[in-house]
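Asker: So the chains spell out like this:
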Amino acid sequence: MKIRKSFKYIASRPEFAALTIFIIIAITFYVINENFLNFRNLRVLFTISPEIALIAMGATILMVSGEFDLSVGSVFALSGVVMVVLTNEGVNAHLAFTIALLMCLAIGFINATITIRFGIPSFIATLGTMFMVRSIAIVIVKADFPTFPMEEMYWLRAIFANPIPGTIFRMSFIWFVLITLLLIFYLHRSNYGNWSYSTGANQAAAKAMGVNTNNVKIRNFVLCSFLAGLAGIFMVLRTRAAFPSVGVGYELQAIAASVIGGASLFGGIGTVFGALVGAFLLKFLDNGLVMARLDVNWFRFAVGTLLIFAVVSNTNLRKIANKMRE
Amino acid sequence: MSESIIKCEGLNKWYGNIQALKDVSIDIKKGEAVGLVGDNGAGKSTFIKILSGVHQADSGNIYFDGNLVKINDAKDSMKLGIETIYQDSALAPTLSIARNLFVGREPLTFKFGSLGLLDREKMAKESLEAIKRVELDLRSGDELVENLSGGERQGVVIARALYFRTKVLIMDEPTNHLSVKETEKVLRWIEKLKAEGTTCIFITHNLHHVYPVSDRLIVFARGEKIADVQKKDTSIEDLTRMIVHD
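Going line by line, the protein sequences match chains B and R.
Plus 13 on top of the position in the first sequence (first one is 1) and you've got the working numbering.
Plus 32 on top of the position in the second sequence (first one is 1) and you've got the working numbering.
These are computed hints drawn from the structure, not numbers from a lab.
These numbers were taken from a predicted model, which means no experiment stands behind them.
Possibly wrong hints are sitting among the right ones.
[To be verified] EDC-like cross-link-like pairs, simulated, lysine to aspartate or glutamate; straight-line CA separation at most 16 Å: (1) B:155 <-> B:102; (2) B:332 <-> R:204; (3) R:102 <-> R:174; (4) B:220 <-> R:105; (5) R:224 <-> R:167; (6) R:213 <-> R:169; (7) R:61 <-> R:228; (8) R:61 <-> R:260; (9) R:61 <-> R:41; (10) R:54 <-> R:108; (11) B:336 <-> R:223; (12) R:213 <-> R:167; (13) B:18 <-> R:174; (14) R:199 <-> R:260; (15) B:21 <-> R:174; (16) B:220 <-> R:108; (17) B:21 <-> R:178; (18) R:164 <-> R:174; (19) R:81 <-> R:204; (20) R:199 <-> R:223; (21) R:39 <-> R:260; (22) B:336 <-> R:178; (23) R:164 <-> R:151; (24) R:199 <-> R:169.
Based on the provided sequences and hints, a complete structural model is requested.
Answerer: Dropping the structure here:
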């Protein structure tokens, strides 16, 4: 009976399936090339993975409440560009950092407003803002690459980007862990989280129980945009370059990571941990293909395979788990 | 019967040029079970939507427990103690029973503004107690609603109304799509609600569904209340004639 119960628990929680695949992939690449898990490469992996994971966690929370955000890749680019360009124009770097993040909040709010006010699918609303925001990012830098203000960014780099001596982590990793814990609290332990799930699973029911479903969605749109912008700033501070063309395709990777981690496109299902595992899985896969000296163009093929496999197995596992009544 | 719980006077509602409710006055007593019957478009749904705050009447007054009230949204309605459940839309299928029971009214251990930490222990314990009260054969509140039968889902909804001591429970077609056995169960739960003092209002186009549990039946046609009778003074045949002929 106990085994049955544990099986049901695991089968109904797709993030564990993703975690299993993640471990298998990590071991496989390690066997192919033992440098995959050496100090230097782990440092690379734990630098790039949190950036996509932040976006994916935001995307998952928004998907749980029944909406999408395709503009995250563009927001990822714009936030860093705005921060750097403003600083170059003479604005205090910390103020520029704050303005860039406030702007991301505003974009999230605009996404929510368009979606809710006009009752159109967020898929379309944010597809629109995806183009618009990308365009702004390119126009702002006048289709050029702005120089990175090293001196002005000294403290921001120290707080958010510099490697922590003797470890595989950068400062951004500490922030990432902190934010992850806050998001877990938000989605899984708070009343706001319960409202997000019920809004995505059955909006009419949530409304009838007095949940302000519009506010729930606005909050999650804003959160999603904020996390994408923050990830973009982390990357700019790390690479010391603000390219308006970064993050193209991240919106789809974020959705892929969410789905691999068990989130449902129909809302009401998904976990922060699942998004995190999904994102790390994608980045490990990407990096592992390079380390295995395979053609990196297979990355998209692998992601596609994984995505389909994940959804098919999640759906079936859920069905099996559901049949197991106690 | 004792005092009124809901008393409406002269409710009118227009949708553009169409008058959906014409001067409707209804007085519902505490602990009563009232069936609202009528064909599609008769006005019964509009009436319910006004009580649950989805729509507002263009004119007329609503008294709740003797006080004149304005119901502007679902929250106002819930605050008064009115809970409305629509067909198939009362519960979130992908969530557990416990989470469904407490949606919008979560017990919290810590609060900052309107954001709070869920009291999961209380949710688990009390959801189990709540489903036991309706004799649902489930061992834990963790079971997902999507795994429950139609009848069990109604059981959860009724358990929720019992738990929160809902004063007025409005149900849209409570026994629709249910097997005979499950229908009987639902009817038994409704008796329980009545025994605990909850006023029940059912809306249906199928008289047979609500006749057994109703104390009183109100017939709507073309936005008007055309009959308002105690069950003991009428029969299914009489009522059917009224619905069909008008």
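Asker: Decide, hint by hint, whether the structure agrees.
Answerer: Okay, the hints, checked on the actual structure:
1. With a CA separation close to 14 Å, the supplied pair residue 155 (chain B) and residue 102 (chain B) stays within the 16 Å bound.
2. Simply put, residue 332 (chain B) and residue 204 (chain R) have alpha-carbon atoms about 29 Å apart, too far for the 16 Å limit, and the pair is violated.
3. Restraint check: the Cα-Cα separation between residue 102 (chain R) and residue 174 (chain R) comes to about 37 Å, which exceeds 16 Å; the hinted pair is violated.
4. Under the criterion of a C-alpha separation no larger than 16 Å, the hint pairing residue 220 (chain B) with residue 105 (chain R) is consistent with the structure, at around 10 Å.
5. The straight-line distance between the Cα atoms of residue 224 (chain R) and residue 167 (chain R) is roughly 11 Å, inside the 16 Å bound, and the hint therefore holds.
6. At roughly 15 Å between alpha-carbon atoms, residue 213 (chain R) and residue 169 (chain R) fall within 16 Å of each other, so this suggested pair holds.
7. For the given pair, residue 61 (chain R) sits about 14 Å from residue 228 (chain R) by alpha-carbon distance, which is consistent with the 16 Å threshold.
8. Simply put, residue 61 (chain R) and residue 260 (chain R) have alpha-carbon atoms about 13 Å apart, close enough for the 16 Å limit, and the pair holds.
9. Our distance criterion of 16 Å between C-alpha atoms is met by residue 61 (chain R) and residue 41 (chain R), whose separation comes to about 14 Å.
10. The suggested pairing of residue 54 (chain R) with residue 108 (chain R) is violated, with an alpha-carbon distance near 24 Å, which exceeds 16 Å.
11. Between residue 336 (chain B) and residue 223 (chain R), the direct Cα distance comes to roughly 31 Å. Violation of the 16 Å bound is thereby established for this hinted pair.
12. Annotation: proposed proximity of residue 213 (chain R) to residue 167 (chain R) holds, straight-line Cα distance about 14 Å (limit 16 Å).
13. Distance hint between residue 18 (chain B) and residue 174 (chain R) is fulfilled; the C-alpha atoms sit about 12 Å from each other, no more than 16 Å.
14. The straight-line distance between the Cα atoms of residue 199 (chain R) and residue 260 (chain R) is roughly 22 Å, outside the 16 Å bound, and the hint therefore fails.
15. Distance hint between residue 21 (chain B) and residue 174 (chain R) is fulfilled; the C-alpha atoms sit about 12 Å from each other, no more than 16 Å.
16. For the proposed pair residue 220 (chain B) and residue 108 (chain R), the alpha carbon gap of about 12 Å is at most 16 Å, so the pair holds.
17. A threshold of 16 Å between alpha carbons decides the hint, and for residue 21 (chain B) with residue 178 (chain R) the separation of about 15 Å falls inside it, so the pair holds.
18. Our distance criterion of 16 Å between C-alpha atoms is met by residue 164 (chain R) and residue 174 (chain R), whose separation comes to about 14 Å.
19. For the proposed pair residue 81 (chain R) and residue 204 (chain R), the alpha carbon gap of about 11 Å is at most 16 Å, so the pair holds.
20. Between the alpha carbons of residue 199 (chain R) and residue 223 (chain R) the distance comes to roughly 14 Å, so the proposed pair stays at or under 16 Å and holds.
21. In summary, the hint linking residue 39 (chain R) to residue 260 (chain R) is supported, as the alpha carbons are separated by about 14 Å, within the 16 Å threshold.
22. The hinted pair formed by residue 336 (chain B) and residue 178 (chain R) meets the criterion: a straight-line CA distance of about 11 Å does not exceed 16 Å.
23. For the proposed pair residue 164 (chain R) and residue 151 (chain R), the alpha carbon gap of about 20 Å is over 16 Å, so the pair is violated.
24. Between residue 199 (chain R) and residue 169 (chain R) the CA atoms are separated by roughly 26 Å; this puts the pair beyond 16 Å, and the hint is violated.
The structure fails to meet hints 2, 3, 10, 11, 14, 23, 24 from the earlier list, while all remaining hints are met.
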